[in-house]
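Trainee: My request is simple: use the sequences and hints to build the entire structure.
Protein chains in written order, with our numbering: chain A, 25 to 566; chain B, 5 to 389; chain C, 970 to 1386.
Hints were generated in silico from the structure; no laboratory data involved.
For clarity, every value in this text was computed on a predicted model and none was experimentally measured.
Some hints could be false.
[As the list claims (entries may be wrong)] Here are some of the chain B residues that sit facing chain C, going by a computed Cβ distance under 7 Å:
no. : residue
1   : Thr6
2   : Asp7
3   : Ser12
4   : Cys120
5   : Asp121
6   : Ala122
7   : Ala131
8   : Thr138
9   : Gln141
10  : Leu146
11  : His154
12  : Phe160
13  : Ala161
Ideal Cβ placement from N, Cα and C applies to all residues, glycine included.
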Amino acid sequence: MDSIVRISSNQATNDFSGNKNNVSFNLDSNSGVYDLSQSYVAINVRVSGNEDSALTTTGAVGDGSSVFNTMFQFNELPSAPRAAANAFLVPPTTAILVRNAQMVCSKGPVEVLNRVDQLRTNEYVFMKSKQALESHSNGIILPSSRRRDTGNSLQPYSELVSVSDKANPVASQAKDHEIRIPLKEIFNVGNQKMYDTSIYQNTKIALRMNFDLLSAAQQGGVMETTRFLGIATNPFNGELRAHTNDSGGTVALSTALSENFYNLFGNETIPYWIGQKITVSCADATHAVAAKITTITALYPYDGVSDVGPYEAGKGFAVPGNRGRIVIEFDGVYDNPTTGTIVGTNADPLIMKETLPGTTTLTRSLNKIELVCKRSASGSAPAKLDYTKFITEEDTFPVSANAVLQRYYSIPPNCDAIVITMVKGGGIFTAAAGSEAVKEYRVTINGDDISNRPITMHGQLHKNLIAQSLNNLGHQQQSNLNEFLQFNFSTANASALHKANTIMIPVPLSAQTQQLGLEIVPVNGVTFGGQLTLFKHVMASI
Amino acid sequence: MTDIIYHSVKASNDLSSGVGFSEFNTIDFNLVAAGRKLMVNSIRLCGQVSVQSAGADLTAASDVKIDHKIGAHGFFESFQCEISQGPKAQVLENLASYPRFVSMADCVSRNEIDVCDASLLSELRGATDASGMTVIQNVGTLSASASAVHDALPSFAIKPMLCFNRMVSGSDNYSFNANGSIRISCNLARSAHALYGQGCSDGTATYSLQNVRLTYVSIPDDGKQGKMMMDSYAFIKSNMISTQANVQARVPARAVSACSISVVSQSNETSLTNNSYALEQLPQLDELNFSFQDTLTNYITYTIDDLQDAITRGVKSFPGGDALNNSCNPNQQSAQRGYILGTDFDGQVIDLSGQKFGLNLKSLFNNMNNDPRLLFLYFHNQMIL
Amino acid sequence: MSLLKTVYLDPELHSVSKSEFRLHGRAYLSDLKILLNASSAGNLYSEAAGVYGCIRHIRLLSNGVELDSCRFANYWMTFKNLNNSNKDNINLRRKLTHSGLGYEFDEKMTFGARALQGQAATTTAESETAGVLYLSEILPVLNELVIINTESVFPNLRIVIEYNNDDKLQKDNLTNASTISEPILMCSEVLSDSDVAASAKLDGLQWDTIEVDQVIIPAVIATATQHVIQKINGFDNKLVSRMLLVKQTLPLTKNYLTGGIESLGYGVYNSFVQYKEKINFNINSKPVFQTPLEEQGQKAQILHDTWGKCNILPYGNVSSQGLDKQGVVATNKVGVPDLQPSGQPSYKIGTQDFVGFACSKRVNNFELDYSRVGPTDAGMDGSNTLKAQNDSLMIRLYAEVRKQIEIKNGKILVSYA
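Mentor: So this is what it looks like as structure tokens:
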């Protein structure tokens, strides 16, 4: 039986703060045969929020018990205009955290790849289905999921508990989380199942990471509505209202008021968790409840027996009826001092608003980075490895209106596909200025046009080229949606999908050098230009 | 082109029509087809289900439901498969705690939207807790409101996870002539397990399965019997009553490839209102270790202390577990769903009947002694006939 | 020199009713694809058929001999759209077919197709609005060939497409008419002499083609039981593998809401669940099933066992989502198809009832044994006249039928096996 071992990074202090982005590992000589295809870089991280910063002038003093649904966001460019806009794109691969990578052994360089982030992100957008990203618990951002009405999703940086036993509640807690980057998503040689360190001796893997682009974040705080009706004699309609990121104002959703019903449809629909910090208020003129900040201390199914009402000191708000009731208990009392009752009606609902820590007091810590490998003590590994790698070529072209880009590039021998990304300012997702508006392109190989007509960007001919190229790259295409998944995707945001502006060209295999001719035509009137990177996929061996 | 026959078998102990089978009943089916072969993976259990509360049909307000991840599988507590007569008569498997196993199999291989498939819908599976309520309500006509009649019981057709339905690709079909007739027995689950929800709190929620029959497909016997490799499981139950549990299992299985573990609180296992089949969190997991032959040096050489690492290994421990398509995400886990631990054995099969398999768990939950957890260990076993 | 060359061909003939492609090279890979587009000022393609709603018939001919064909292909391709996993329909096929299959949750936790690509004006087969037809799905003979030799084996190879110009077959909303654009054939021409020579040695092959026959079941009166045994001749003396039964409500206008513009459910592609329906098939005087199929659960499971994954909406193959009624605000609000804006259940409930089974024999005599009961009749939306479980039905039976091609002395002989 093989072993799974963890190899510490050479950066002994594990300090990856600020711009400290270099990480390296050694596979020692004669340490065994490694299955690189099942090995990965493990990044242990923690993202936490300081609840003291969540206070407002009306709030109570924080007691340190709150747990926030924190997350990471990836700012592909450190400044506007894309830093914010791309904050909530879901990277299709964790390899986005690697900027440059090299693997070197005693026989020389195994693989050197610059702009791993750019290549893999634009390659893997076609190889991960939406559902794969939702299932990827070792990812960076889990996509927006189906927490009813909220559009939020719980991230793996906290262990949040939405329902628990009444007598023995389990507390939520912030947790360390391990982000995994499979080696095969960094290096093509990472697909090898038997890498023998008795043949290749001491092997160093050096990575220049993108930790400076990773920042602690929180979800937008948009919690639309929940639907709670009061008991018959004391009508109460608890509603969460849509709000911007704790700006102090509330905006009611018009749809929310028309869908009042008092059923919860399962534990997975509960938008709350134990340890969640919320603000409770009611704007009703007669039964006003001043906004108070509190923490949810318990969440449990209502057993239909306990004497719980909305106006009992220290008690929660029970939701009667026959179906799916939960009880939410708060820390504190929210009686109106004049009437002794809290009443919410359809017009003046009791408002429960998620309270978030200020963005400046979210903290991230990168605790340690290890290489987790599957290793056997011995094995009959081949003496020569055949694999593929990418050769990178960068090009810039001037920005100008209606510019038609025309370039010639060299295709190295034994190349079967070329991936072309168009980015701005060294970014990853971003297309070059104006290249979202590429109208069409033409490609020649050794002077021969690969098609008898221009290829319309995002049209079916374009997609066919991508399918053929992915085949040559050895991939099985899992998605041709041609777009990056947005974190806050909803039916309202459907039009704002961010397309993958990648061109892929299948190349007939040749032992000779070939010439690539590329002509890109923008949409009329668009200012076009930026950076263009070609990743040429070639055979290799060592 | 092979001449296919669709068979349908009633229970050998069939009750009078209209009564139906209910909790604790045993249903036996005998499969016999001389001169023919049972087509691999073709056995289905079909019927209709009637769920009532206090002796009356469910209403729209009745909070009575089945586990939506497993649908009608939840009515069957256990299965036993045997070759009852013939040259190779033997008991093949005894599948205890069956619904939980089906739930785990679903969670590790399906995203919640994968339920949009004819075979899963026919098993009364759904995407949410609430689906478990809707699927057991009576079915009505398509006419508009005043004339709609809800007089049809919901029907189901499950593919039980028996060894005959988990034959590995490349296995030959089962020859009745060469091997003998087959008996499949199932014990129905207690109502308190099969049903849950606030509407079950008075203990009057019951179910009955009507018109139950087992169907299968046969082809002509070609006179040859090739190898048949089948997947099955052996089951062990343990508990955790403090912040640390050390489980040493000697498993009656000779070809084990992995171990998968799920958890439920002891109080919820017998609760009328909570889902007994839920794959609950082990609260505040701190450390996890596996060992073989009392040694920690095999396979995973480090202590697992990251929750998502543990979950990912749990997903991969299950045959068909897919790290890129499952329901084991934080959203589900916070709702006491989709929590699976475990390990595969690196592609090897191990005879655990002669050596111990160890599990060491630590939790930070200090109230474990007041609210103990039950541990369900499933050892994935292979059989060759 | 490259051994393959990707080629994009324009049709040699094109009109609003027909297109024809001719392949003039020596040999091609069999993975032929056609880009199809229908331009319109707005609205979506049919959610069930997608862009394939444009195709009426399609034929593959060589030297005037029909090698393979698919008649009423739009209906067959509707099932092919369904015959995939939900995940594949969302991530892979949605952009190829532009159908509304492949269902996802949104923040209301109901199921629906999201981010559908609508039609647009002045678009072409190169636009994003175009779909892709894999010819092997509609002309199964291509599955038995890796390389099609058009030099000596199948000379003068032609692909002829006849179009549906009835918008009801192309779209769910009839507000804006569609115009079918000129299609494009995508193919890979084989340039290797040795591969061309090897492909010339073909002397015959067998495959399962798709054939269809149909029968009309008259309307049924409320509370009456209708029982029909109907002989179907279309498969006599043929080797039949798998079969599929699809129902369509007649007349087609019945599948529209009042006003006749907006379709109900999947429009003309609805296959409604019937009330107390019992189905059996008598093949060569023997019933296929010991007792008629009447439970929706068993029907769906047999359909899956026969044809593989079928991407059906929850409650798409049963006549109600639990105790909810058409015309009344739903109480079951999650895990169900997208509710109507009024909060009533979706009109897609009960529209995806198909029957499939394995025949696997030579058919000499085929009968459909069909019965149903008419429920109290009332229009589905209360005011329209569609009585989904009382109206007349067009029942189409699709079958995989074994055919063979023999090539003798340069002549192509196509016959039933």
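Trainee: Any of the earlier hints contradicted here, and which numbers?
Mentor: No numbers; nothing is violated.
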